[in-house]
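S.K.: The whole structure should be built from the sequences, with the hints applied where relevant.
Here is how the chains run, residue by residue.
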Amino acid sequence: MRDVAILGIGMTKFGELWDRSFREIGIEAGFQALVDGKLSSRDLGALYLGNMASGAFLEQEHIAPLILDYAGLASHHLPAIRVEAGGASGAMALHEGYLAVASGAYDFVVVGGAEKMTDVSDTEASRIVDATADTEWELVFGATLPALWAMIARKHMHEYGTRREDLAALPVHDHLMASKNPLAHFRNKVSLEQVINSGIVADPLGLLDCAPLSDGAAAVLLGPLESARKYTDTPVKIAASQVACDTMALHHRRDLTTLDSTAVAGTRAFSQARHKPTDVQVAEIDDAYSIGGLVALEDLGFVAKGEAGLAMRDGRFFGKGTTQINTSGGLKAQGRPFGAVGVAQVVELVRQLRGDAKDRQVAGAQVGLAHSVGGTGATSVVTIVERVN
Amino acid sequence: MAIARFWRETPRRYNLGGSRCTVCTTVYFPPRSVCPTCTTHRQSLGKMEPFQLSGDGEVVTFTVVHEAANGFEMLVPYALAIVQTVEGPLLTGQVVNLRPEDLQIGLKVRATFRKLREEGPAGVIHYGYKFAPKEEAAMAPRPGRGSEQAPAASHAPEPSRARA
Numbered sequence: 009m010r011d012v013a014i015l016g017i018g019m020t021k022f023g024e025l026w027d028r029s030f031r032e033i034g035i036e037a038g039f040q041a042l043v044d045g046k047l048s049s050r051d052l053g054a055l056y057l058g059n060m061a062s063g064a065f066l067e068q069e070h071i072a073p074l075i076l077d078y079a080g081l082a083s084h085h086l087p088a089i090r091v092e093a094g095g096a097s098g099a100m101a102l103h104e105g106y107l108a109v110a111s112g113a114y115d116f117v118v119v120g121g122a123e124k125m126t127d128v129s130d131t132e133a134s135r136i137v138d139a140t141a142d143t144e145w146e147l148v149f150g151a152t153l154p155a156l157w158a159m160i161a162r163k164h165m166h167e168y169g170t171r172r173e174d175l176a177a178l179p180v181h182d183h184l185m186a187s188k189n190p191l192a193h194f195r196n197k198v199s200l201e202q203v204i205n206s207g208i209v210a211d212p213l214g215l216l217d218c219a220p221l222s223d224g225a226a227a228v229l230l231g232p233l234e235s236a237r238k239y240t241d242t243p244v245k246i247a248a249s250q251v252a253c254d255t256m257a258l259h260h261r262r263d264l265t266t267l268d269s270t271a272v273a274g275t276r277a278f279s280q281a282r283h284k285p286t287d288v289q290v291a292e293i294d295d296a297y298s299i300g301g302l303v304a305l306e307d308l309g310f311v312a313k314g315e316a317g318l319a320m321r322d323g324r325f326f327g328k329g330t331t332q333i334n335t336s337g338g339l340k341a342q343g344r345p346f347g348a349v350g351v352a353q354v355v356e357l358v359r360q361l362r363g364d365a366k367d368r369q370v371a372g373a374q375v376g377l378a379h380s381v382g383g384t385g386a387t388s389v390v391t392i393v394e395r396v397n
Numbered sequence: 091m092a093i094a095r096f097w098r099e100t101p102r103r104y105n106l107g108g109s110r111c112t113v114c115t116t117v118y119f120p121p122r123s124v125c126p127t128c129t130t131h132r133q134s135l136g137k138m139e140p141f142q143l144s145g146d147g148e149v150v151t152f153t154v155v156h157e158a159a160n161g162f163e164m165l166v167p168y169a170l171a172i173v174q175t176v177e178g179p180l181l182t183g184q185v186v187n188l189r190p191e192d193l194q195i196g197l198k199v200r201a202t203f204r205k206l207r208e209e210g211p212a213g214v215i216h217y218g219y220k221f222a223p224k225e226e227a228a229m230a231p232r233p234g235r236g237s238e239q240a241p242a243a244s245h246a247p248e249p250s251r252a253r254a
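Going down the list, the protein sequences come from chains S and X.
When we follow our numbering, the leftmost residue of the first sequence carries the number 9, and every step to the right adds one.
When we follow our numbering, the leftmost residue of the second sequence carries the number 91, and every step to the right adds one.
Please note: incorrect hints may appear among the correct ones.
Below are the DSBU-like pairs computed for lysine-lysine, each with C-alpha atoms no more than 35 Å apart in a straight line [what the hints assert, rightly or not]: (1) S:46 with S:21; (2) X:198 with S:163; (3) S:197 with S:366; (4) S:245 with X:198; (5) S:313 with S:46; (6) S:313 with S:328; (7) X:224 with S:313; (8) X:198 with S:313; (9) S:366 with S:46; (10) S:197 with S:313; (11) S:188 with S:366; (12) S:284 with X:137; (13) S:188 with S:245.
One side only, chain X facing chain S, incomplete, derived with CB under 10 Å [to be verified]: (14) 133; (15) 151; (16) 155.
A few chain X residues facing chain S, derived, Cβ under 10 Å [what the hints assert, rightly or not]: (17) 99; (18) 101; (19) 118; (20) 126; (21) 154; (22) 156; (23) 160; (24) 170; (25) 173; (26) 182; (27) 220.
Calculated from the structure, these hints are not laboratory results.
Idealized CB from N, CA, C, for every residue including glycine.
M.R.: As structure tokens, then:
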């Protein structure tokens, strides 16, 4: 396996993009990545596209060749491959693209992620994303995705004394960071009180503990590290890309306060990258539900099990400690176009490692980690990227 | 949801029919055709047998849902829990016959046969298990609870044993 580098990045505005179609946003992000990486589309080997539910959202399946076609590349007859893993679809597409380049099967690939979620009603969209949990043995009995995460939160509070305000601290941080991110879905700041007093979705989680339904797309251009300097002055190496899966239903997990898929993917990724959590300066953590961010920090080894609440109270990941999280605004405030989020996380890490993150810049960022979850943790993807000096 | 899709799960949803691995004796719900516990999974192939859960268990964690799942809008706020059965398997279901604020981790519950939801005024009605505090569940369903009430016994399907 050869080393793989990120040569270019692209991303659309995230949000309710009423005037923009799925094709438009998919192509915009992809071309930005190509232009940023100074690669001719003639040299592309393949396109990977992370997308969760275009069939349900848009009544359009078979979207990988569709994006390829409207990118003007149909006559090149490139392979175009859609990848689905619930909320981790984009991260999984990146994993597939990484493997393809690492193996030598292709030299250059574009990995895109795109989702158009606002062409259906909020109720319909919620029903569609709930289906990343087990329809037959969870949803049929009245569960929703936030309700399942709320049960993780309840158990975590019961076991470890985690407080309601510890959960709320993460959305507050995310909104603050997103206020500095022009592409974020939400640019407003929120207070701890606003999060705690937001309308209850599933107790103890309120509306402001939950990431929004967003439209958006993101893309990266991948190529072999050995020739990366021909295409960019600031290549970023993919030091690790790891996936781990677990039981579909939350109730079948070994421990309801741990995502074993995250713990295992994290362990594998740190081992592959030969890094440890304290080596990471910037991390994009899946916080689709506030409790998910806390649990992830524990499962990835950034804090000991049960201590994420305390870390939130101390602001350990909000400017004080060695690792800063969700400088993009996270899923909560940068937005959550399902298929795009895993790719967008890595786009933010590349900005940070290049030193291009403007007033969100973490000084001296060398190593970044992205963490993406499907459903309640049936899939986790962990990616570690590293600045090439 | 197509009728067959719900109907084919009747032994599980109505009667809590699970399965047990005859190699290692671990119990599963819903039934599985391969045992995840056996060290080499293939040794359990063809050796899973039906196993009836009693319906008794304990609340492991819970939430009170305010933004309803599809088809449950009329019930909000409703209590949802993960229950560990005395036989071992954990499952997700609503908790009824108590005020949501009285629900707590560790509460002893028993499965009770209830209406889950209906597919609109002319659609299929889905039945299945919910949970009730153990003392409550032993009592007959209280009258006048509308959608919460179990159907009369004569309309209930024949109990059937689970087949894996």
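S.K.: Within a Cα-Cα threshold of 35 Å, do residue 188 of chain S and residue 245 of chain S meet the stated pairing?
M.R.: Distance ~26 Å between residue 188 of chain S and residue 245 of chain S Cα, so the pair holds.
S.K.: Residue 197 of chain S and residue 366 of chain S: Cα distance at most 35 Å?
M.R.: 18 Å, holds
S.K.: Hint check: is the beta carbon of residue 151 of chain X less than 10 Å from a beta carbon of chain S?
M.R.: 4 Å, holds
S.K.: Does the closest beta carbon of chain S sit nearer than 10 Å to the beta carbon of residue 133 of chain X?
M.R.: Violated, about 21 Å.
S.K.: Is residue 245 of chain S close enough to residue 198 of chain X, meaning Cα to Cα at most 35 Å?
M.R.: 53 Å, violated
S.K.: Starting from residue 188 of chain S, check that the Cα of residue 366 of chain S is at most 35 Å away, please.
M.R.: 9 Å, holds
S.K.: Need the status of pair residue 284 of chain S, residue 137 of chain X: alpha-carbon distance at most 35 Å?
M.R.: 44 Å, violated
S.K.: Should the hint that residue 101 of chain X touches chain S count as held when the rule is a Cβ pair under 10 Å?
M.R.: Given a least distance of 13 Å, the restraint on residue 101 of chain X is violated.
S.K.: Residue 173 of chain X was flagged as interface toward chain S. Is the shortest Cβ-Cβ separation under 10 Å?
M.R.: Hint holds; residue 173 of chain X Cβ to chain S Cβ min 8 Å, cut 10 Å.
S.K.: Would you mind confirming whether the straight-line C-alpha gap from residue 224 of chain X to residue 313 of chain S stays at or under 35 Å?
M.R.: 33 Å, holds
S.K.: For the pair supplied as a hint, residue 46 of chain S and residue 21 of chain S, is the alpha-carbon distance within the 35 Å limit?
M.R.: 22 Å, holds
S.K.: Can residue 154 of chain X be said to touch chain S, with a Cβ gap under 10 Å?
M.R.: 4 Å, holds
Violation of the numbered hints given earlier is confined to hints 4, 5, 12, 14, 18; the remaining hints are satisfied by the structure.
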